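Trainee: In case you want the letters, here they are:
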Amino acid sequence: MGWFLKFIDSSVGKKLVMALTGLFLYLFLIEHVIANLLLLNNDNGEAYTIYAEVLGSSYNIPLRIIEFGLFFFLLYHSINGARLWWTNRKAKGIPYLVNRASENSSFFSRFMIQSGSIIFIFLVIHLKSFFVNYRLGNPGDTMYQGVVKTFENPLYSWFYIFAMILLAFHLVHAFQSAFQTLGLRHNKYTPFLKSFGVILSILICAGFALIPVYFLYLHNAGGY
Amino acid sequence: MKLDSKIPAGNLAEKWSNQKFNYKLVNPANKRKYEIIVVGTGLAGASAAASLAELGYKVKAFCYQDSPRRAHSIAAQGGINASKNYQNDGDSVYRLFYDTVKGGDYRSREANVYRLAEVSSNIIDQCVAQGVPFAREYGGLLDNRSFGGAQVSRTFYARGETGQQLLLGAYSAMMRQVGMGNIELFTRSDIQDIVVVDGRARGIVLRNMVSGQIQSYVADAVILATGGYGNVFYLSTNAKGCNATAIWRAHKKGALFANPCFTQIHPTCIPVSGSYQSKLTLMSESLRNDGRIWVPKDPKDKRAPNEIPEFERDYFLERKYPSFGNLVPRDVASRNAKEMIDDGKGVGLTGKAVYLDFAEAIQRLGKDTIIEKYGNLFEMYEQITNEDPYKVPMRIYPASHYTMGGLWVDYNLMTTIPGLFALGECNFSDHGANRLGASALMQGLADGYFIISYSISDYLAQLKKDKLTTDAPEFKNSEKEVDNKIKRLLNINGSKTVDELHRELGIVMWDYVGMSRNAEGLNKAKKMIKDIRDDFWKNVKIIGTNEEINQSLEKAARVADFLELGELIAEDALQRNESCGGHFREESQTEENEAKRDDENCSHVAAWEYSGADKPEVLHKEQLQFEFVKPSQRSYK
Amino acid sequence: MAELNLHLKVWRQKNKEDKGRFVDYDIQGISTEMSILEMLDVLNEKLIKEGTDPVAFEHDCREGVCGCCGIFINGRAHGPLKRITTCQLYMRHFKDGETIVLEPWRAKGFPVLKDLMVDRSAFDRIIAAGGFIAVNTGGAPDANAVPIPKHNSEKALDAAECIGCGACVAACKNASAMLFVSAKVAHLVRLPQGKPEREKRVFAMLNQMEKEGFGSCTNTEACSAECPKGISMDVIAELRREYFRASLKQENN
Ligand SMILES: Cc1cc2nc3c(=O)[nH]c(=O)nc-3n(C[C@H](O)[C@H](O)[C@H](O)COP(=O)(O)OP(=O)(O)OC[C@H]3O[C@@H](n4cnc5c(N)ncnc54)[C@H](O)[C@@H]3O)c2cc1C
Ligand code: SF4
Ligand code: FES
Numbered sequence: 001m002g003w004f005l006k007f008i009d010s011s012v013g014k015k016l017v018m019a020l021t022g023l024f025l026y027l028f029l030i031e032h033v034i035a036n037l038l039l040l041n042n043d044n045g046e047a048y049t050i051y052a053e054v055l056g057s058s059y060n061i062p063l064r065i066i067e068f069g070l071f072f073f074l075l076y077h078s079i080n081g082a083r084l085w086w087t088n089r090k091a092k093g094i095p096y097l098v099n100r101a102s103e104n105s106s107f108f109s110r111f112m113i114q115s116g117s118i119i120f121i122f123l124v125i126h127l128k129s130f131f132v133n134y135r136l137g138n139p140g141d142t143m144y145q146g147v148v149k150t151f152e153n154p155l156y157s158w159f160y161i162f163a164m165i166l167l168a169f170h171l172v173h174a175f176q177s178a179f180q181t182l183g184l185r186h187n188k189y190t191p192f193l194k195s196f197g198v199i200l201s202i203l204i205c206a207g208f209a210l211i212p213v214y215f216l217y218l219h220n221a222g223g224y
Numbered sequence: 001m002k003l004d005s006k007i008p009a010g011n012l013a014e015k016w017s018n019q020k021f022n023y024k025l026v027n028p029a030n031k032r033k034y035e036i037i038v039v040g041t042g043l044a045g046a047s048a049a050a051s052l053a054e055l056g057y058k059v060k061a062f063c064y065q066d067s068p069r070r071a072h073s074i075a076a077q078g079g080i081n082a083s084k085n086y087q088n089d090g091d092s093v094y095r096l097f098y099d100t101v102k103g104g105d106y107r108s109r110e111a112n113v114y115r116l117a118e119v120s121s122n123i124i125d126q127c128v129a130q131g132v133p134f135a136r137e138y139g140g141l142l143d144n145r146s147f148g149g150a151q152v153s154r155t156f157y158a159r160g161e162t163g164q165q166l167l168l169g170a171y172s173a174m175m176r177q178v179g180m181g182n183i184e185l186f187t188r189s190d191i192q193d194i195v196v197v198d199g200r201a202r203g204i205v206l207r208n209m210v211s212g213q214i215q216s217y218v219a220d221a222v223i224l225a226t227g228g229y230g231n232v233f234y235l236s237t238n239a240k241g242c243n244a245t246a247i248w249r250a251h252k253k254g255a256l257f258a259n260p261c262f263t264q265i266h267p268t269c270i271p272v273s274g275s276y277q278s279k280l281t282l283m284s285e286s287l288r289n290d291g292r293i294w295v296p297k298d299p300k301d302k303r304a305p306n307e308i309p310e311f312e313r314d315y316f317l318e319r320k321y322p323s324f325g326n327l328v329p330r331d332v333a334s335r336n337a338k339e340m341i342d343d344g345k346g347v348g349l350t351g352k353a354v355y356l357d358f359a360e361a362i363q364r365l366g367k368d369t370i371i372e373k374y375g376n377l378f379e380m381y382e383q384i385t386n387e388d389p390y391k392v393p394m395r396i397y398p399a400s401h402y403t404m405g406g407l408w409v410d411y412n413l414m415t416t417i418p419g420l421f422a423l424g425e426c427n428f429s430d431h432g433a434n435r436l437g438a439s440a441l442m443q444g445l446a447d448g449y450f451i452i453s454y455s456i457s458d459y460l461a462q463l464k465k466d467k468l469t470t471d472a473p474e475f476k477n478s479e480k481e482v483d484n485k486i487k488r489l490l491n492i493n494g495s496k497t498v499d500e501l502h503r504e505l506g507i508v509m510w511d512y513v514g515m516s517r518n519a520e521g522l523n524k525a526k527k528m529i530k531d532i533r534d535d536f537w538k539n540v541k542i543i544g545t546n547e548e549i550n551q552s553l554e555k556a557a558r559v560a561d562f563l564e565l566g567e568l569i570a571e572d573a574l575q576r577n578e579s580c581g582g583h584f585r586e587e588s589q590t591e592e593n594e595a596k597r598d599d600e601n602c603s604h605v606a607a608w609e610y611s612g613a614d615k616p617e618v619l620h621k622e623q624l625q626f627e628f629v630k631p632s633q634r635s636y637k
Numbered sequence: 001m002a003e004l005n006l007h008l009k010v011w012r013q014k015n016k017e018d019k020g021r022f023v024d025y026d027i028q029g030i031s032t033e034m035s036i037l038e039m040l041d042v043l044n045e046k047l048i049k050e051g052t053d054p055v056a057f058e059h060d061c062r063e064g065v066c067g068c069c070g071i072f073i074n075g076r077a078h079g080p081l082k083r084i085t086t087c088q089l090y091m092r093h094f095k096d097g098e099t100i101v102l103e104p105w106r107a108k109g110f111p112v113l114k115d116l117m118v119d120r121s122a123f124d125r126i127i128a129a130g131g132f133i134a135v136n137t138g139g140a141p142d143a144n145a146v147p148i149p150k151h152n153s154e155k156a157l158d159a160a161e162c163i164g165c166g167a168c169v170a171a172c173k174n175a176s177a178m179l180f181v182s183a184k185v186a187h188l189v190r191l192p193q194g195k196p197e198r199e200k201r202v203f204a205m206l207n208q209m210e211k212e213g214f215g216s217c218t219n220t221e222a223c224s225a226e227c228p229k230g231i232s233m234d235v236i237a238e239l240r241r242e243y244f245r246a247s248l249k250q251e252n253n
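Chain order of the listed sequences is E, R and U. Numbering follows my numbering, in which position 55 of the first sequence is assigned residue number 55; successive positions increment by one, without gaps. Numbering follows my numbering, in which position 83 of the second sequence is assigned residue number 83; successive positions increment by one, without gaps. Numbering follows my numbering, in which position 7 of the third sequence is assigned residue number 7; successive positions increment by one, without gaps.
By construction, these hints were calculated from the structure, which means they are not laboratory data. Treat the numbers as computed from the prediction; the structure is a model and nothing was measured. Treat the hints with care, as some may be off.
[As the list claims (entries may be wrong)] Cβ pair distances, simulated, as ranges:
| # | chain 1 | residue 1 | chain 2 | residue 2 | range |
| --- | --- | --- | --- | --- | --- |
| 1 | R | GLN87 | U | LYS16 | 52 to 62 angstroms |
| 2 | U | PRO192 | E | SER57 | 50 to 60 angstroms |
| 3 | R | GLN87 | U | ASN152 | 15 to 25 angstroms |
| 4 | U | GLY230 | E | SER57 | 52 to 62 angstroms |
| 5 | U | GLY51 | R | ASP534 | 50 to 60 angstroms |
| 6 | R | LYS621 | U | GLY230 | 49 to 59 angstroms |
Think of the CB as a built atom: it goes at the ideal place given N, C-alpha and C, for glycine as much as any other residue.
Make a model of the complete structure from these sequences and hints.
Mentor: The following block contains the structure:
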């Protein structure tokens, strides 16, 4: 076991953990965004409510385990990311007076900690408004109604959209970086993975961002 | 002093095997009791340090750069020779030996050269085992290219960076021993003196280039592998830090200096662009395979090259040497270019260049072929000159490149100071008056991997171990001397920078002791060098102190030595009343203005003995015997 | 040939202990045909004549192969052009009146020694830890005994071209030495001769890299973009594969 702890705490291992947990979270996001799109179904939330019930059922043991894993990975990903950033910052020491980093690396790749931190704050709020309230608490309305209510607040919605833009930044680098970290790089498929990652990441985040936009502007306009 | 080259008896092909058998061995258990200092981490030094440490000796290795991997061997481009005969084109140990002796214009020792050819094959094996990625053919076997002075294809290469790859191989072997604690590595160490105790080399004194401390190290034997002294010309293809300090100090301590005037000028370098020029970049010799060298016929013709019609151009090498044309040896090509320039036909803004034109080759072979063959060289040329050689002919000019001369060593690579060995470019041993392309790398590695470990054991085995430390008066005196010299330099506080004075020396060396020499010029040069030296010691200005990183001080100490060595080069050139290889005496030429050797009077190694400050050096001659190859006059007509 | 008047902002630091600062210099009549190091030579000659300490900078071969030189020029390692070293940068790439900012490599693993000179001996220690094939002199089999596919040998050479300049570390926001370490690991493992020690090597070199205080790679790819020899990111992926493989295979680690 000792070797494993040493392995995941080495410079390459730490990054591997980031990639694996990141990819897991990425998969979750795909599931999450698909489910969220049910909200756009003009059925007064019927489909979504069923989904939420199945998901939230305490008898669904595999899901509970996955959920636990999800939280664990999210925390590990965040803490590990912060540690990585901190040790790397120390390794750099004095910054340059002039640094034209944009000439050699992508903007996204250089601001992972910043985008990550804001996403983390967002997640705390996000979990508070939905997960904590509806899955742990006893709010008295359905999750769907909660969603509608929450997103009618423009401040919340705009923060949500902003967070999704940052998430897109984060994912655009994260996706291809994860494969590089896993050692999966080849002229044959890396260019494809890179473009695929960009498109998929933008689609995911656009999917999420669509929800507040819908409830802010389109849903009401429909007048239910 | 009687020079004994210690060449073993017997047939040429058996000399080295016999010698190896006759060498005394050091008991394996005793090896770690012996300490060896290796100065220099180029091909010669790194390979020697690694091999000796592997055998169990305690090695200390020194270099002036921040890492041993940066020794100037790293810059060699073309390749390394070996008589593998992988191409089945009739190569053999004997042929490589023959080509090298002939290429050196019959001024090298047959036995040494034969041994070099003999171990050349092992070098390639060793390097491949270390992971040197030599060029290969599709079948997976090693590829070869041809190089000047040979009719067989025996040059192994790794793109245009053979020296780099070979050095990284030797460096990693050496670093492995550093990691294992068998070699203690000292970088940023500027060797300032060799310490001789009871007639034997026992240590060194150096200046720590970070702290300025003067430090001594003691050992049972000292190996110098400090490279060539081409920077005596200021402008050369050598790295800026290349210097003669260690060998010059050894010389002053009693080691004879052999053939100092045998310097090689390479014909195809990128020309000087202005007075600020700090070094010259070599363009591979291979360019002369397809490029045509010319100047305008009329010295007053200042038109752009493309506007000069064919019949107003002088393709002087093709005109004078119809059979070899542009492919004459380095010395001939260089000298002829100089002649044209002296006649006022030089081209470019400075007038110090000739054209190397690819227009005809591009037309004949197509641009794609030229790109494939020389693409990276063309790119490098364009980067430096901002001219596109696909459109405008290249401008080239000869530059100081290699020094065949160096510390005199016997067959065992030992100098005239017992216990002091010299390997690689810093000795004089194998190239005679002219070195063939791709043979310097071979020699450095032969010396370091395959010769020194045998010959040094013979020396050490006969040694009585003592408990000498750096507290001995010889060390203290030497430290004091170095310290005084540094103090003296720092106290001059004159008005000229070190570079200014070095440039002055370079101009004198180039003009009078360069490609073409005559008695009058050489006498003049001796006087001028002495004047510059006097000026140096009165007028040099160095800022700062000794107790810090002080690059001007480092340079000054080197230039001070070049200013003494330069005079000896001129003196040696004056004493050698013949033309041979890279040494061309205008007084000694054939009717067709070609170099004329004088085998009757000059078939010797000129070994100089230092006899005190401002006293003339004493010349000793080692007569060369040619038992196996008959000296003949070179002709390239 | 044109001449430039320039404004320089140079990091000056007396020694390791000194805090260091930027000093401004004006310099006139710089030929566009000079290399940037020759421009610094001219500046230094001037400073010496004025009685001030010249700027210390590292250099040796001045033709892009020894790896000595390395200055962070106007925000870029080895200056604004790709795939060249500092010594290969010519003044024609600057404009008249331009301000040029010259800084030393910045990284914990590369402490500044003086002005623009840093201590890169950490690289040597990384190589000493495992960047070699353990063969002693003598006893090597014939060079053609093991055929190596041309393609593999060329790929090994691609990685072996690293000159150890440290620009990768300098450009990396994490001061990671991954490109340097990976280049050596890839060079050796791409050849049959390097395979026997592959597990040992990758552990030893990475351990040493961490000990020297270099950061962890986060795939920004700045290193490869600024590497004068164009060492590809492929080598880093390869190192990771080697590391995973070694972690699963090697016992006691
Ligand atoms: C541009 C160029 C291209 C070349 N191409 C080829 C080629 O294709 N084929 C070929 O065979 N040859 C070639 N040569 C020649 C060949 O590279 C050299 O002759 C050879 O590499 C010299 O090796 P060395 O080990 O003797 O010395 P170097 O590699 O010069 O090493 C000298 C060592 O001594 C140390 N040193 C020197 N002075 C001191 C001091 N005072 N204190 C401490 N340390 C000191 C240095 O730090 C260095 O480590 C070329 C040369 C040049 C310049
Ligand atoms: S990988 Fe590139 S940038 Fe890094 S040290 Fe090697 S050559 Fe320099
Ligand atoms: S000085 Fe050698 S690479 Fe620049």
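Trainee: Hint by hint, say whether it matches the structure.
Mentor: Here is how each hint holds up against the structure:
no.	hint	in the structure
1	R:GLN87 to U:LYS16: 52 to 62 angstroms	54 angstroms, holds
2	U:PRO192 to E:SER57: 50 to 60 angstroms	58 angstroms, holds
3	R:GLN87 to U:ASN152: 15 to 25 angstroms	22 angstroms, holds
4	U:GLY230 to E:SER57: 52 to 62 angstroms	56 angstroms, holds
5	U:GLY51 to R:ASP534: 50 to 60 angstroms	23 angstroms, violated
6	R:LYS621 to U:GLY230: 49 to 59 angstroms	53 angstroms, holds
Taken one by one, the earlier hints fail for this structure only at number 5.
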